[in-house]
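Enquirer: So you can see what is in the structure, the chains are spelled out below.
Protein chains: 2
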Amino acid sequence: MKGCPYGSHRVIEPAGFLPQAALRIDNSLDLYDNEILVDVTTLNVDSASFTQIREACEDDVTKISSMIMDIVRERGKLQNPVTGSGGMFIGKVSKIGKDLLRRDLEIGDTIASLVSLSLTPLNIERIVQVHLEKDQIDIEGKAVLFESGIYARLPSDIPPKMALAVLDVAGAPAQVDKLVKKGMNVAILGGGGKSGLLCCYAAMKKCRDSGKVVVVEYSVENAERIRKLGLAHEVIIADATKPLEVYEKITEFTQGDLCDVVINNVNVPGTEMGSILCAKDNGIVYFFSMATSFTRAALGAEGVGKDITMMIGNGYTKGHAEFALGILRESSEIRRLFQKLYI
Amino acid sequence: MKGCPYGSHRVIEPAGFLPQAALRIDNSLDLYDNEILVDVTTLNVDSASFTQIREACEDDVTKISSMIMDIVRERGKLQNPVTGSGGMFIGKVSKIGKDLLRRDLEIGDTIASLVSLSLTPLNIERIVQVHLEKDQIDIEGKAVLFESGIYARLPSDIPPKMALAVLDVAGAPAQVDKLVKKGMNVAILGGGGKSGLLCCYAAMKKCRDSGKVVVVEYSVENAERIRKLGLAHEVIIADATKPLEVYEKITEFTQGDLCDVVINNVNVPGTEMGSILCAKDNGIVYFFSMATSFTRAALGAEGVGKDITMMIGNGYTKGHAEFALGILRESSEIRRLFQKLYI
Ligand SMILES: NC(=O)c1ccc[n+]([C@@H]2O[C@H](COP(=O)([O-])OP(=O)(O)OC[C@H]3O[C@@H](n4cnc5c(N)ncnc54)[C@H](OP(=O)(O)O)[C@@H]3O)[C@@H](O)[C@H]2O)c1
Ligand SMILES: NC(=O)c1ccc[n+]([C@@H]2O[C@H](COP(=O)([O-])OP(=O)(O)OC[C@H]3O[C@@H](n4cnc5c(N)ncnc54)[C@H](OP(=O)(O)O)[C@@H]3O)[C@@H](O)[C@H]2O)c1
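Residue numbers (our numbering), protein chains in the order written: chain A, 8 to 350; chain B, 8 to 350.
By construction, these hints were calculated from the structure, which means they are not laboratory data.
Don't take each hint at face value.
One copy or two, it doesn't matter: identical chains are merged, so the pair holds either way.
[Unchecked claim] Mimicking BS3-like on lysine-lysine, the simulated pairs with C-alpha atoms at most 25 Å apart in a straight line are: (1) Lys-105 - Lys-9; (2) Lys-185 - Lys-287; (3) Lys-219 - Lys-189; (4) Lys-9 - Lys-249; (5) Lys-287 - Lys-325.
Note that the structure is a prediction, hence the values are computed from the model and not measured.
Extracted from the complex, chain A is given alone in its bound form (with noise of 0.2 Å):
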């Protein structure tokens, strides 16, 4: 029994949507030969999703088990309904459809979803236990990954929750990655948080000796942690929803010249405009921002005359997760911070 591999076979309803857009998805543990079911220990829930959840909960566990378990038992999936987003999960594998077999993968292993938990088949027999500050929620129960879903096996050698906090942005600094290139100039805005440090990282690492990597950042703590770390060439610390503050500064610090490349990783509304002006005619701005609006990027650089190529920040992009934690790897001291920051 092979199913679509993009998972349509398992949606309710409305017809002809796939999984992400449905509104309710089959959830039962009957495997087609072209899927994977994963034994789940831990989700990690949506930064958004999850600050709403807890909201509406007033914090109080009970109350939030509860409402995940009605959403699952409504939706077949995490999907939370007010944001619509998910999370990502982390299990260990326990049946591989046959279709499936050839794949590097074996019962037992323990892997990642990196694919949303809004598209994901869910099952949560328990909940073992909710921490509130780090948006996990440790259970027992069962996932069922599609033919296109995409995950990551964990590795020995980096903790399972400090995996799971790299993964969940390893888009970015795998897009960095292919975007800047030696000589170049770099701005990160946001660059202070999860997904703005391994960016800086993997920044610094073609640009170091040729080349200027800028960040602009909003708190004096999170500006001097970079600079610390020497992930980038100058910190800069201003408001990124005001444009003209940051495009004053970095024309200042490029001596007029611009950013080849501009990376928004910041997470509130507005910036658009700022990662705009900071771009160089036939620069790049690649929005990695889940708060980016279309339609004010869109007509904002058309407002400014800008001929640049602006990028919806795709979650993924080949060998992401490998790039992403092989910076722990390398950095001993970004390592040291995720363990301070996310475990």
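Given chain A, put chain B with the ligands in place with the hints provided.
Expert: Showing chain B with the ligands alone in chain A's frame:
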């Protein structure tokens, strides 16, 4: 007296914003040295904005006129407070600031603005006529272009209102010309509309003899039009909001290869996934449609593990106006069609 190239010197509130994001800008006629003053004759109101205004005023031309006057009086620009969007204008240059005298522009030249009215200082002395069916308003008034504000001189061989219709979507065909190379498979969703037709033409120019251009269009009528004009190798009649339907038909037509470049020109929401599935790995999806959702695109590609480049349709790219007008010069068939549809 030199202003900010981006017009921030005219922002009244909130301070630190650029004109587009501002609530109110200074529309006084005292010209800065790096500004251009234009006698405006026609406003081409953005379709989303005009639809909203028409509904609010129940198509009563007097009410529409006073609503337009009110908006401009309050904001100093014609930015619809509900949709946030603007439009473009046509007018004659009446004054050029001394810093911009070197430009290839003379007093008396007729130009179309290529930046949005949502950021353009505007004064309306009198509304002459409201053209309900064409989203156009003839006025007597004045507008200011900033140093960064792009414009096109209207050609003498193309009627102004036809030029305006084409210039409104000029970014799209020019980008197609940049992205598409000989021998590629190209899909154009919503290829039967205004921007779509121009994109088809640009794609066929590259790929007529070596490559495949396929259009996905909703209406039988529009599909027939493209077939007759020979603007694609194949026209698929399908609903772009149904990703699997589109995917299956594109798979069949390309014999499983899928497309190197996918252009989205559909004017309704929910077509991100259909576009993503049609692209090859390492392919490009160019979202020109303003109905695109950033998050749906970002999470959608990740959700199906597609390593593709997704671009936000920048309304501007170098030479876009000349390129789009050039299509009307090259193709008498497209010119006739635009004459019929948009004049
Ligand atoms: N495209 C994808 O597939 C994908 C996947 C995962 C995450 N994301 C998105 O990526 C973004 C970043 O995620 P993250 O986990 O790295 O978040 P994060 O750790 O919270 O980092 C955000 C950073 O932005 C800084 N910042 C906030 N407001 C700012 C402002 N006004 N000016 C300058 N800097 C400001 C923050 O500084 P403070 O700490 O001082 O506030 C922080 O350093 C989020 O929007 C998230 O949704 C996208
Ligand atoms: N990025 C920018 O700077 C910029 C500038 C201008 C415009 N735009 C955007 O570009 C888009 C297209 O503009 P336009 O002037 O070309 O619009 P348009 O002439 O109305 O064309 C839209 C086309 O999409 C087709 N369509 C509608 N629903 C469809 C569906 N479900 N499946 C397949 N095709 C469908 C329409 O067919 P029917 O006629 O049968 O409905 C029509 O042929 C708009 O979203 C507009 O906002 C962007």
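Enquirer: Determine for every hint whether it applies to the structure shown.
Expert: For each hint, the structure was consulted:
Taking the shortest alpha-carbon separations for Lys-105 and Lys-9, only the intra-copy value of 10 Å comes in at or below 25 Å, while the best inter-copy value is 71 Å. Taking CA atoms no more than 25 Å apart as the test, Lys-185 paired with Lys-287 passes in both settings, with 18 Å inside one copy and 18 Å between copies. Taking identical chains as interchangeable, the C-alpha atoms of Lys-219 and Lys-189 lie at most 25 Å apart only when both belong to the same chain, with a minimum of 9 Å there against 36 Å between chains. With identical chains, the CA atoms of Lys-9 and Lys-249 are at most 25 Å apart between copies only, with a shortest distance of 21 Å across copies and 52 Å within one.
Within a single copy, Lys-287 and Lys-325 get their C-alpha atoms only as close as 27 Å, which misses the 25 Å cut-off; across copies the closest is 13 Å, which meets it.
In summary, the structure agrees with every hint in the numbered list given earlier.
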